[in-house]
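Just so you know, the sequences run in chain order W, G, E and Z. 718 is the number that the numbering used here gives the last residue of the first sequence; the numbers go up by one with no jumps. 718 is the number that the numbering used here gives the last residue of the second sequence; the numbers go up by one with no jumps. 341 is the number that the numbering used here gives the last residue of the third sequence; the numbers go up by one with no jumps. 341 is the number that the numbering used here gives the last residue of the fourth sequence; the numbers go up by one with no jumps.
Everything labelled a hint here was simulated from the structure, so no lab data went into it. Predicted model, so just to flag it, every value in this text is computed and none were measured. The beta-carbon is built from N, C-alpha and C at its ideal position, and this holds for glycine as well. Some clues are possibly wrong.
Some but not every residue of chain G turned toward chain W, in silico, with C-beta under 7 angstroms [said to hold, decoys possible]:
no., residue
1, V476
2, N546
3, G548
4, N555
5, V559
6, K561
7, S584
8, V585
9, S587
10, E589
11, D590
12, R591
13, G594
14, F595
15, G596
Far from chain Z by the CB rule (all over 10 angstroms, computed), these chain W residues [claimed, not checked]:
no., residue
16, Y396
17, H402
18, R410
19, G474
20, K504
21, G531
22, D590
23, A657
24, M674
25, S677
26, E698
DSS-like mimics (lysine-lysine), calculated; alpha carbons at most 27 angstroms apart, straight line [to be verified]:
no., chain 1, residue 1, chain 2, residue 2
27, G, K593, W, K561
28, E, K299, G, K561
29, E, K299, Z, K299
30, Z, K299, Z, K240
31, W, K390, W, K701
32, E, K213, E, K266
33, E, K320, W, K701
One letter stands for each residue in the lines below.
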Amino acid sequence: MSHDKKEQHAYNASIPHDTVLSAYRRMKTIRMFEDRLHEDFKTGNVPGFAHLYAGQEATAVGICSHLTDQDQIASTHRGHGHCIAKGVGVVAMMKEIYGRQGGICNGKGGSMHIADLKKGMLGANGILGAGAPLACGAALADKLAGQGHVAIVFGGDGGVNEGAVLESMNLASVWKLPLMFVVEQNGYAQSTPQQRTTSVSSYEDRAKGFGMPAATVDGLDFFAVYKTAGALIQKMREGHGPVLLECRTVRFYGHFEGDDQVYRPAGEVDDARKNHDCLKLFAESARNMGISQAELDRIDHEVAELIDRAVQESLKAPHPALSELHDGVYVSY
Amino acid sequence: MSHDKKEQHAYNASIPHDTVLSAYRRMKTIRMFEDRLHEDFKTGNVPGFAHLYAGQEATAVGICSHLTDQDQIASTHRGHGHCIAKGVGVVAMMKEIYGRQGGICNGKGGSMHIADLKKGMLGANGILGAGAPLACGAALADKLAGQGHVAIVFGGDGGVNEGAVLESMNLASVWKLPLMFVVEQNGYAQSTPQQRTTSVSSYEDRAKGFGMPAATVDGLDFFAVYKTAGALIQKMREGHGPVLLECRTVRFYGHFEGDDQVYRPAGEVDDARKNHDCLKLFAESARNMGISQAELDRIDHEVAELIDRAVQESLKAPHPALSELHDGVYVSY
Amino acid sequence: MTRHITLKSAINEALDQEMARDPKLLLFGQDTAGGVGAGGVADTWGGVLGVTKGLYTKYGDRVIDAPPTEMAYVGAAVGAALSGVPVVAEVPFIDFMGVCFDQLLNQAAKIRYMFGGTAEIPLVIRTMVGAGINGAAQHSQMLTAMFTHIPGLKVVCPSTPHDAKGLMIEAIRDKDPVIFCEPKFLYETSGAVPADPYTIPFGQARIAKEGRDVSIVTYGPMVPRALEAASQLEQKGISAEVIDLRTLSPLDRTTVLKSVMKTGRLVAADEAHPRCNIATDIVAQVTEQCFTSLKAAPQMVSAPHTPVPFSPVLEKAYIPGAEQIIAAVSRTMASHA
Amino acid sequence: MTRHITLKSAINEALDQEMARDPKLLLFGQDTAGGVGAGGVADTWGGVLGVTKGLYTKYGDRVIDAPPTEMAYVGAAVGAALSGVPVVAEVPFIDFMGVCFDQLLNQAAKIRYMFGGTAEIPLVIRTMVGAGINGAAQHSQMLTAMFTHIPGLKVVCPSTPHDAKGLMIEAIRDKDPVIFCEPKFLYETSGAVPADPYTIPFGQARIAKEGRDVSIVTYGPMVPRALEAASQLEQKGISAEVIDLRTLSPLDRTTVLKSVMKTGRLVAADEAHPRCNIATDIVAQVTEQCFTSLKAAPQMVSAPHTPVPFSPVLEKAYIPGAEQIIAAVSRTMASHA
Ligand SMILES: Cc1ncc(C[n+]2csc(CCOP(=O)(O)OP(=O)(O)O)c2C)c(N)n1
Ligand SMILES: Cc1ncc(C[n+]2csc(CCOP(=O)(O)OP(=O)(O)O)c2C)c(N)n1
Ligand SMILES: [Mg+2]
Ligand SMILES: [Mg+2]
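Build the full structure now, drawing on both the sequences and the hints.
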């Protein structure tokens, strides 16, 4: 066993089992939520687009496990995982995706606009990169409040090339904002491979261009993400400026539902599912830490029930009243 | 004498006198053009805004001396120097700034929109950073034509933080475009000092964030700029991708005419004019190369006459015909 | 030869034929080729809804996948066009224009004028407009008015496969920047389209249906809704003329005014938000120009002043349809000058 | 106490008093403080034309010089506001909105609706509009219509120092995102302004001059031109009512309709380009609502469909003035329904 591995093992052992189990529960919730949507999309009951987060769970949960409701995150089009990791209610999320009453946005947002300000979730976003400036503002508010709260903005390997993100990196650095830029490197922006969207192969180099410290982790390894993110977030809480964290990960499904992803090399997805599944890796590590498979199975079972309930309730939930169409544009007008 | 200095001396000696003299003429033309505008602004005869290039001449001329009319440049709000360096007619420029018939844009553009496509001058620009995407397009056209032509985009230390520039750095790098990003580091964006607009102190670091080679030169030393830019441009002509060149320079006048620049440390401008005047430095080097002061004086004299003629002709030139208002919006409509 | 093909295929065919005609023409956008360099099967996307699929296979490196950095690649398209290389660039949804708007508002639109009237910018920006596919607030907008407002741009929005092809070929051959708005809701509708290349001149509205009693003036995805309204009205004995503007800038005032002078009644319909949209523009211009021909108050049909909601039932209520047009026609028929 | 101060000072005073009232309020923009950290005298700019000068001296780090990266700092203003920290952010010229438009179009404007109607965004974007200072095509635009089109934004454009102060204080206290358009051409005009803070509610137009024969409806820099026209018309025996909209969104339809119902004649004037602008919006809405009250064709006065030219003589010809308004009034007086 290498020194690094040993160190990681020791670190893992120091994490309370409660934390580990609740992380597992969130990761599993994301996975089952997305797997279920993938199935239900075929029924035609789910309106609109959905970009599924399956495969990347360790990243969202590894990072958000360090956050409180006062810390804020800004998300992307592929936002379900970030929402669940941040503690947004799963039933209300599902109803939202079905466009129903009781959805977290009353059915007016849908998959790409799920938000829960009370949970510090500033919204998924249909515009690539647009969360970064918003997160700068949240981080500025945090900084001024002086309570050690931080902001996190998630972005994909393609989307972080948007001017909005790049300008935000500069701004966050000049203003020394407690803001972490997370790059979820899953290799693709839609069908375009990372090297055709990005001029550097490591986003740590990109961070250097903005005077920001950075780190890269195996985004499939919850414990590695948890450890590295934890250290970076702690520094931000202590008043250091922004950081970048690249998480190397994989996308299990197509860019959105309907994408058969044949542009990927044959076997790539199968291999990922078999050998690079962050949930399998998690369970293995958890067992190494003395957590029993039975405990995990119990969680699996509860999560399955929750997801099933979410779908059943969504299907039963009424559609929004037509009067809703005109409501909620302005506070006053 | 240090090795570097020796090497530079040897290099200088290798430049044909003709090239040196024509560079001097352009630098002097810029200086006198701007000094004259500074004076004439007080008369109230010059409409609109003007951002003067005085102090930075060695940068524009050092770079543009390597270019032909087939190479294209995109400029900024502070564009007079780039135009003159690229060979745009001084009388037509002056008329433009006066808003008269015979102006290079028929009086419809003014100081911030001087352009001359035949000279490969894609326009000054009133929008910070907007020249960079345009230059990407020019460089793409060059690359496809396969004739070894290149494009250059100028930007200031503040303006190069715009998303348009940052995205262009990424695009140019991904597409391997023959495009040089020139950063004219004069310390200020309007009244805001460089360290409050930019998250790195060297733009070479910024370039690393986009996988681009970069260099920094003393932008006040024509010969240093000429040498470094020459090498970089040659590489681009040979098919290498984009590069960044930071030129450290000084702004003699206020951000625009009317700015008293008291935000600058007391004595900074005086010191620059006395000890960091690129034209004085040029003359000294030229004399070291065996060019006589008389030759330079003759050029000074000719340039003074040219500028004077430009102003006289501008004052005499008629205003555009009112029918011009509606012309030139579309090719056909 | 004329076949029935979809609006989407008609656009693909126009691009294909122009790529073949002009060896300098480039296409770029996000996944415009689709998956090139990814290691699997190339040319499987053709943009997010597959409009350019197949063109990479035919034209290779002239069909370019751009990074998702619209300011840079739209600006690069402007710069290339200004340097003599014509480009069709795609901004997938018109909603995304906010991230690259400067290059259209201040560069493409103004360069010719600012530079004294000589520059040419042979540029087409393809973009999808309109609601109806549950895209929610950021993938459903009809921001045509914003572009129509800007001098220096031309704005096109076809409603049939036939027009889509002819207008796209015209747009590509045109020397000015054109915002080509594709009503995604109509992508799969079919119509007769000649196989050979042809052009439809800008600024020539199409009388989609002749009528005597009222002029319904509209464009894009509202055209089929207007035709549906007209056919229902016919059954009530009201003869509605439906005018499809085809290009919003330039605008064919002549055809519109002639129609209103004939019918004396006007309904202007736009799927956009109601303030400062194409419907207000048409009503204002018609009223100013032929007030005395109007027998009744002109009526407007627009979406409400709200973002586009996600919920399918709300989205359905949001999109103005045949029903709203019929109601508007009824108002013009009821009132008297 | 009421003094005569300039429109520019009135805005400064409003910002000053609100900064004093609300210790959370932040100001940011380019050189909004001006020169902080440069080593010389601080607080010498106050933005490009000096509107915020002096506020840094009073409020220190709550007045923040932002890097020239509008997408980032406008978005940061949206994000801070969403997190409960109200912000007044400056985009110096409305022409620059193209580089940060997404944060207003798709974020600030839509967040409340998309998120189900609970979020509040206490945000003011200050920006300069209009021609008249030889700023040429990229520093002179009147892009108010574009923002008025967008649900979720409020759009304000004052024409007097009094209104500027009251509307700015209202804008800051408002919980929705407000685009506050400052007519730079009027910055140095003076008027009576109460020293104490006061607010002017949105959606209440001002009757700048009462009249009987024709309603001139306009806003911002066109208001003094309309008043000049009205006073010249008075000498010809025509009594024009001048309505200053003050806020374009929300729009005070009631005041406008009441006036037109009284006078029977309408001239709508906007310094903007003619397509889909505020003038078309007003004419269309009035015509739809009170067609039978109209005695003559409503008339529009707008700038031409061209970018703003640099040449002072062309710019003068570009800007619609009293002369064009008088001509439009004459047309409405001459024609008969
Ligand atoms: C401004 C903007 N441009 C383009 C898109 C279309 N789009 C949605 S997701 C996507 C790819 C994003 O790739 P990446 O950032 O790597 O995230 P991933 O999908 O891999 O999670 C694109 C191009 C958009 N939503 N917004
Ligand atoms: C998009 C945009 N934002 C802001 C401005 C206003 N502005 C003009 S010049 C300038 C400062 C530029 O500084 P720098 O890039 O260092 O160039 P310098 O003036 O020093 O040559 C600013 C903020 C603008 N013209 N365009
Ligand atoms: Mg990705
Ligand atoms: Mg500078």
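Hint by hint, here is what the structure shows:
| no. | hint | verdict |
| --- | --- | --- |
| 1 | V476 | violated, 38 angstroms |
| 2 | N546 | holds, 5 angstroms |
| 3 | G548 | holds, 2 angstroms |
| 4 | N555 | holds, 5 angstroms |
| 5 | V559 | holds, 5 angstroms |
| 6 | K561 | violated, 10 angstroms |
| 7 | S584 | holds, 3 angstroms |
| 8 | V585 | holds, 5 angstroms |
| 9 | S587 | violated, 10 angstroms |
| 10 | E589 | violated, 10 angstroms |
| 11 | D590 | holds, 6 angstroms |
| 12 | R591 | holds, 5 angstroms |
| 13 | G594 | holds, 2 angstroms |
| 14 | F595 | holds, 5 angstroms |
| 15 | G596 | holds, 4 angstroms |
| 16 | Y396 | holds, 33 angstroms |
| 17 | H402 | holds, 34 angstroms |
| 18 | R410 | holds, 26 angstroms |
| 19 | G474 | holds, 13 angstroms |
| 20 | K504 | holds, 12 angstroms |
| 21 | G531 | holds, 13 angstroms |
| 22 | D590 | holds, 21 angstroms |
| 23 | A657 | holds, 32 angstroms |
| 24 | M674 | holds, 37 angstroms |
| 25 | S677 | holds, 41 angstroms |
| 26 | E698 | holds, 17 angstroms |
| 27 | G:K593 / W:K561 | holds, 21 angstroms |
| 28 | E:K299 / G:K561 | violated, 63 angstroms |
| 29 | E:K299 / Z:K299 | holds, 13 angstroms |
| 30 | Z:K299 / Z:K240 | holds, 20 angstroms |
| 31 | W:K390 / W:K701 | violated, 49 angstroms |
| 32 | E:K213 / E:K266 | holds, 14 angstroms |
| 33 | E:K320 / W:K701 | holds, 20 angstroms |
When the structure is compared with the earlier hints, violations turn up for hints 1, 6, 9, 10, 28, 31 and for no others.
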